[in-house]
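Student: In order, the protein sequences belong to chains A and B.
Heads up, the final residue of the first sequence is numbered 359 in this note's numbering, and it's a clean run with no missing numbers.
Heads up, the final residue of the second sequence is numbered 359 in this note's numbering, and it's a clean run with no missing numbers.
None of the hints are false.
Copies of the same chain look alike in the list, so a pair counts if it works inside one copy or between any two.
As a list, the in silico EDC-like pairs of lysine to aspartate or glutamate whose alpha-carbon atoms are at most 20 Å apart:
(1) Lys344 to Asp323
(2) Lys231 to Asp310
(3) Lys348 to Glu317
(4) Lys134 to Glu291
(5) Lys344 to Asp318
Just so you know, these hints were derived from the structure itself, not from any lab.
Number of protein chains: 2
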Amino acid sequence: MKKFLLLALVFSLAALQSSEGQIRYVQASDFTLVGHAVNRPSGNPYHRIDTARFSLPSGVEKQYLCPAGLAVAFRTNSPQITARWSTTPRSLYANMTPIAQRGLDLYIRRDGEWVWAGVGTPSENTHEAVVVQKMDSSWKECLLYLPLFAELTSLEIGIDEGFSAVPMDDPFRHRVVIYGSSIAHGASGSRSGMAYPARLSRSSGIHFINLGCSGNGKMQREMWDVLVESKPDMLILDCMPNPSAKEIAERTVPFVHYLRDRLPGVPIVLIQTTGRETVNFNHYFANMEAEKRAAAREAARILKEEKVPDFYFIDGEDFLGLDHLGTCDGTHPNDLGFDRMINKIAPKIFKILSRYGIR
Amino acid sequence: MKKFLLLALVFSLAALQSSEGQIRYVQASDFTLVGHAVNRPSGNPYHRIDTARFSLPSGVEKQYLCPAGLAVAFRTNSPQITARWSTTPRSLYANMTPIAQRGLDLYIRRDGEWVWAGVGTPSENTHEAVVVQKMDSSWKECLLYLPLFAELTSLEIGIDEGFSAVPMDDPFRHRVVIYGSSIAHGASGSRSGMAYPARLSRSSGIHFINLGCSGNGKMQREMWDVLVESKPDMLILDCMPNPSAKEIAERTVPFVHYLRDRLPGVPIVLIQTTGRETVNFNHYFANMEAEKRAAAREAARILKEEKVPDFYFIDGEDFLGLDHLGTCDGTHPNDLGFDRMINKIAPKIFKILSRYGIR
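All chains should be built: construct the whole structure from the sequences, respecting the hints.
Tutor: Structure representation (structure tokens):
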């Protein structure tokens, strides 16, 4: 790991030296932060939610300290954008790139489209990198996605001396809150902007807010307040992957009932658990996943039978394709799997949104 | 990194304990090793080529010590497959998963199709993992891909006591040798079996041999002997990403001439450099890549004009798509980019192969 650190530092410093002039650093928190589910936290602004305001299970809290889905929005005419940032020490996962886990991911709007511009390559816990350089000096709208799986404790954005950077309005409209598992959280996209909520936001302009909660998206009672206070225009429950079949059977109906009561008129969309490749030969996993799938289907059936208003269920077994190429590790979609998942579920989501005038 | 190690070990040991009985380990080198470009090396059998036989630049040699594209072929009726392996200490790259860099990737043939079965999750330098378990005890054909970016120094495959594992015939026919850059090498696929040569082999049954040479696929003179001795039925030169425009202009024509002379009748296919996203805003990279692309096109034009027999050029700028989602870091395809690249180039490759009766 020390070698990884050294390699990244050498790369970063070499790149920084190659710049033509001095770099001026600005606190990223002085710019616009987009993607918070509730308010911007009073403490660390890069937490997804203000965990002090809610009493959350520790596993949930840990995931919401990570800024998955948060992005810094700013405008600049600087030919170069660099970054210095720090993350709390945390194990690297084997099924994700360090860039996705601890790195930064920059998009610049060109002709109305968000075009990928550069990544901030991470080191160990403190990081310094050129994100993009040698651009023209026209004013540009920038969206810098923050790490998926590390708590961000500081972030400064560097621009060339003599150029400017200013906050930008949130480029997204409406609020579609996605509560889910590691999959909604972003594992195993290759960089933070490839998480499916981020991709949906950039392609549609509608804000898909990431409340994916790796390993802990289990419809715990403590999530009720968070989801209600997120004031969604639509609530997507992509949280079938983490709970057991028993938990799905016990929790889904009351979870939806509670949210239905507190969020009248807001469409609630339950998404079936993503098909896993871990079931291909392992009969234990195959049974377990089939039971979860059946439990989700049964919960949806009950809610439909009860005629719970504005409730929708997106069922399906092949969100990631059927050729066994859509995951990194059998469970977590790679970028190919996410692309297929978006192609399957997005048309259904946008169709429902349009019924509510959300476009 | 120590934490990463601990996490992986806890996971592995928990999984191993959950198995129902004792595990018996077999040296993987006692099984069939598929994917060597020349012969199986007399020393470490997991080197891609016997580096002692060739005088290679150190950067090239380092990459060919990694078993990218090599796989262990065996048959077993064991309900569980585990592995113990060691890799030489090497920095983790930020743009790849540890699973792809140091891990294992297992496929099992079912109804004629290679179906993903499990990964071996790596630790630091010595690794132990359950790859798949709780299978039925029918005999299965297994193909276990080795790490992309680490030298493998030992590998034992574990099966349940009371069951058997035996070598399997190489499941692939013919020899299409792909000489290239980090992209052919496999970066940034999410696991080793997602490298495009491996995907082409599994889907077609034709053997695409991986001589991708990360950062060092520059048509050096020292590669001549390796490529001639690889005795290809087709030679694919996907080596435009690494050399500069000047190197492409100087080296491509003599490189092809030499190989044409030594490999009469063997189709040689030059592939245009993959479009990079690093050019989106960086005008220096944009110029550099445009020059490389033009140099490759000019070299192909010269070779065509000379009527070099059995020479083909696959040109194109959009192998990875035009939506800026096909790479991890602007240069290296993610699994989505590889999927698109395969969809673009594979039909052309198979069309050429069929002209030579290679099916």
